[in-house]
Amino acid sequence: MYAVYEKVNYRTDKTLLDEITGDLELFHKINNATNECLGRYVLGFESYLKLENEYKINHDEVQSKLIKHRRLTEWDSLYLIVLFITHVSLNKALSNREKLRTVVEWLITDFRLSLVAITYVSVYFGKMPLKNMMKFKESQSPEYKLNNLFNMTWDLYNLNRFFRMWTNRDPTKEEMFASGDKAFNAILRNSINVQNKGDLSAFEIFLPQDEVNYLEKITANPNLYFERAYNSDQWTIDYRTTLINKYESTLGVSSSET
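Mapping of the sequence shown onto this note's numbering: position 172 corresponds to residue 216, and the numbering continues sequentially without gaps.
Hints should not be assumed to be uniformly reliable.
No more than 20 Å apart at the CA atoms, straight line, and that leaves these computed lysine to aspartate or glutamate pairs for EDC-like [said to hold, decoys possible]:
#1 109 / 120
#2 136 / 182
#3 94 / 120
#4 58 / 69
#5 51 / 105
Just the calculated beta-carbon pair ranges, DEER-fashion [to be verified]:
#6 233 / 181: 41 to 51 Å
#7 71 / 173: 43 to 53 Å
#8 213 / 300: 56 to 66 Å
#9 181 / 71: 28 to 38 Å
#10 66 / 269: 49 to 59 Å
#11 118 / 74: 22 to 32 Å
#12 149 / 249: 17 to 27 Å
#13 100 / 237: 39 to 49 Å
#14 237 / 71: 24 to 34 Å
#15 243 / 59: 41 to 51 Å
#16 137 / 74: 33 to 43 Å
#17 181 / 220: 29 to 39 Å
#18 276 / 66: 47 to 57 Å
Hints listed in this document are in silico derivations from the structure and should not be mistaken for laboratory results.
The beta carbon of each residue, even a glycine, is placed where N, CA and C say it ideally should be.
Let's have the full structure, built from the sequences with the hints guiding it.
So this is what it looks like as structure tokens:
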């Protein structure tokens, strides 16, 4: 269902919703096809899938649920992080090392720590950034900018969800994400490596050692080095909304109009 939410992207256009629930119904038909049917198609014995099951969904009911809530849990928090990363990435006065420190220190002082976000910026501002990590471009229209910011947020949302699923996994069950996105896979693997090692030494392949040491120091004991909004009375939903509005304005977009 997360792929469905991503395609909806908080839009309420009826034509789009009809297309999405049509795709969802087709997915369930394929998912409920017999192994023999799928096998014959995959092996080339059939040129198309013969879906004989009559799986039906109530399109109106599913569509109403898809647009019932404005945001999924944690989506706005990750959206704010994406906004700030994008804002910093456009600052030509800063080196990549300074951009990395700016983002991580902001996570500590103005917002909250996120392992997936730290991994993302360590790769993006490191020695080996991957293609298509930054989808936002200043030359784009406001609508296209916002769409790409949303797409980047979905990347972090799915990374965060998979990472939590992996770290809290039930040993009797198997969970699988399928993605051809190299950046997605690299960030996830490095986040898991950090969790396995218990420190940030996994970042040494794309960051200088002294930078890894600095990040390790400030993220392991952030309260020793910084005053944090996270520990203050200002830490509210309204506080997050204020920051979202601030950085949306800076980037020339507005999600309140979607």
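Each hint tested on the structure:
1. 109 / 120: Judged against 20 Å, a Cα distance of about 19 Å means the pair holds.
2. 136 / 182: Holds. Residue 136 to residue 182 sits at ~13 Å (cutoff 20 Å).
3. 94 / 120: violated, 42 Å
4. 58 / 69: holds, 16 Å
5. 51 / 105: Given pair residue 51, residue 105 holds - Cα atoms ~17 Å apart, limit 20 Å.
6. 233 / 181: 41 to 51 Å: Check failed, 27 Å falls outside 41 to 51 Å.
7. 71 / 173: 43 to 53 Å: At 34 Å between Cβs, range violated.
8. 213 / 300: 56 to 66 Å: violated, 37 Å
9. 181 / 71: 28 to 38 Å: With a Cβ separation near 32 Å, residue 181 and residue 71 satisfy 28 to 38 Å, so the hint holds.
10. 66 / 269: 49 to 59 Å: At 53 Å between Cβs, range holds.
11. 118 / 74: 22 to 32 Å: holds, 30 Å
12. 149 / 249: 17 to 27 Å: Holds, at about 23 Å.
13. 100 / 237: 39 to 49 Å: holds, 44 Å
14. 237 / 71: 24 to 34 Å: Roughly 32 Å apart at Cβ, these two residues keep to the hinted range, so it holds.
15. 243 / 59: 41 to 51 Å: For residue 243 and residue 59 the Cβ distance comes to about 50 Å; the hint holds.
16. 137 / 74: 33 to 43 Å: violated, 51 Å
17. 181 / 220: 29 to 39 Å: At roughly 33 Å between Cβ atoms, residue 220 and residue 181 fall inside 29 to 39 Å, so the hint holds.
18. 276 / 66: 47 to 57 Å: Taking Cβ atoms as reference, residue 276 and residue 66 lie about 48 Å apart, which means the hint holds.
Hint compliance for this structure: hints 3, 6, 7, 8, 16 are not met, and every other hint is.
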